[in-house]
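Same order as they appear, the protein sequences are chains A and B.
Throughout the first sequence, residue numbering follows the working numbering, covering 1 to 250 in sequence.
Throughout the second sequence, residue numbering follows the working numbering, covering 1 to 250 in sequence.
Every clue listed holds true.
The list treats identical chains as interchangeable, and a pair is accepted whether it falls inside one copy or across any two copies.
Dumping the calculated DSSO-like pairs for lysine-lysine here, alpha-carbon to alpha-carbon at most 30 Å:
{"hint": "1", "residue 1": "Lys30", "residue 2": "Lys88"}
{"hint": "2", "residue 1": "Lys133", "residue 2": "Lys177"}
{"hint": "3", "residue 1": "Lys177", "residue 2": "Lys53"}
{"hint": "4", "residue 1": "Lys123", "residue 2": "Lys88"}
{"hint": "5", "residue 1": "Lys91", "residue 2": "Lys118"}
Everything labelled a hint here was simulated from the structure, so no lab data went into it.
There are 2 protein chains.
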Amino acid sequence: MQRYFLTNTITTTVDSVFELTGESVHHWLKVMRAQPGDQAEFVTRNQQVVIGKLLSSTTTTAQVAVQQVTTPQVELPLQVLIACGVSKGDKTEQIVQRGTELGAAGFIFFDSQYAVAKWATNKRERKLSRLVKIAQAAAEQSHRTVVPTVSYQANLSTLVQQVSYDAGIVAWEESAKQGESSQLVQTLNKMQPQQRLLAIFGPEGGLTSTEVSDLNQVGVVSAGLGPRIMRAETAPMYLLSAVSFSQELV
Amino acid sequence: MQRYFLTNTITTTVDSVFELTGESVHHWLKVMRAQPGDQAEFVTRNQQVVIGKLLSSTTTTAQVAVQQVTTPQVELPLQVLIACGVSKGDKTEQIVQRGTELGAAGFIFFDSQYAVAKWATNKRERKLSRLVKIAQAAAEQSHRTVVPTVSYQANLSTLVQQVSYDAGIVAWEESAKQGESSQLVQTLNKMQPQQRLLAIFGPEGGLTSTEVSDLNQVGVVSAGLGPRIMRAETAPMYLLSAVSFSQELV
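In isolation and in its complexed conformation, chain A is listed as follows (with noise of 0.2 Å):
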């Protein structure tokens, strides 16, 4: 079934009524070609999932009829921001949309020493909304009840400055080739549900040793993920799949 987010607050009692605005009417009635009576899922601002049944419907909005309502637990034990150095061509596309798929709570794209690409101030606005839409689509797809967020920060620096988080790793060529392969785990280990585990990655170019070592010294860790080297956009997808794994699976 076709899912949506709302963004305005609803009542989710069954038979009462809500009305749908913004770009989903749009979806549902033009694109899906809903007719009065039929149905689709609506996401609420609080996680709720609910089945809603087309009563009638204006150019703009629709009158929209509770039928269902569930919780369901599809979003990660702990809160993942995958935070990453830009890139070049629609690698940052990919790390949304797969990362997305996979239960980030968060991507903050970020400049660094190495980076090959970099956002034009200009471009970056309109660049964040398309990831925003990137991120809703893909949320929509993969049936989660949240949208990730998506955020810039000029640097390292004011990165782990900016973002609150109770722990944090970043991916580090040098660490795995010298063995290590114990920080991730012993990571996840220590953090609780609903935790935010702050996890960083370097764009295409990698990261320096000088903003690693910084990194370090604010305690975000190096951590190996294992003994291959894997691309800019390939990194955010084994971590994710990783805190899966071992948080719902194991």
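Assemble chain B onto chain A, guided by the hints.
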């Protein structure tokens, strides 16, 4: 350092000289513009990594002196065979590229009932040889010592007959929806190093319940990979990351 896979068997004692042939010669001499004295890494057929120095060359061969030999442990402890329904667009290429970075031992593509794409018989060999090249390039970049195999099977029944494996799982959305979350862990716990895990994934359209029950009948167990719905090309990445995490980091 640039890395090449050798197709011929060489003597790996230090200071011995071997002849490099094939496409690697062209890449090293013409693309990388190697000069006498320059070094590269060469992976032997028994997974040793040789640092070699260019002595001299013709247009089709290069004489290389062995300088150093190591046997790095960068392969997954389990041999994971990723079997995927044929998918549209560049999804098969993405599965091979990313799956190679994440340590897959091989890829098998199969035709299935709900597949929205088919490989025309006359194009199959060309597609497979393109995927083999992608696997080789990704293996070089991720510093692996084995190039994964790539093959095709007409359907799931012939696949499970033709492919040898010690344990098999099929990722099935319906299992995940019913809250199945222990089969992957149980399967991994049972396996011994170097055993072969066959992991089967549907195409975009999913597998039919008949295809899944036929697999279950031959001992391939349905396994949930967490509560979120993943696209066809994301699920194999989850599985490979989970195998690495559980076998290489925990």
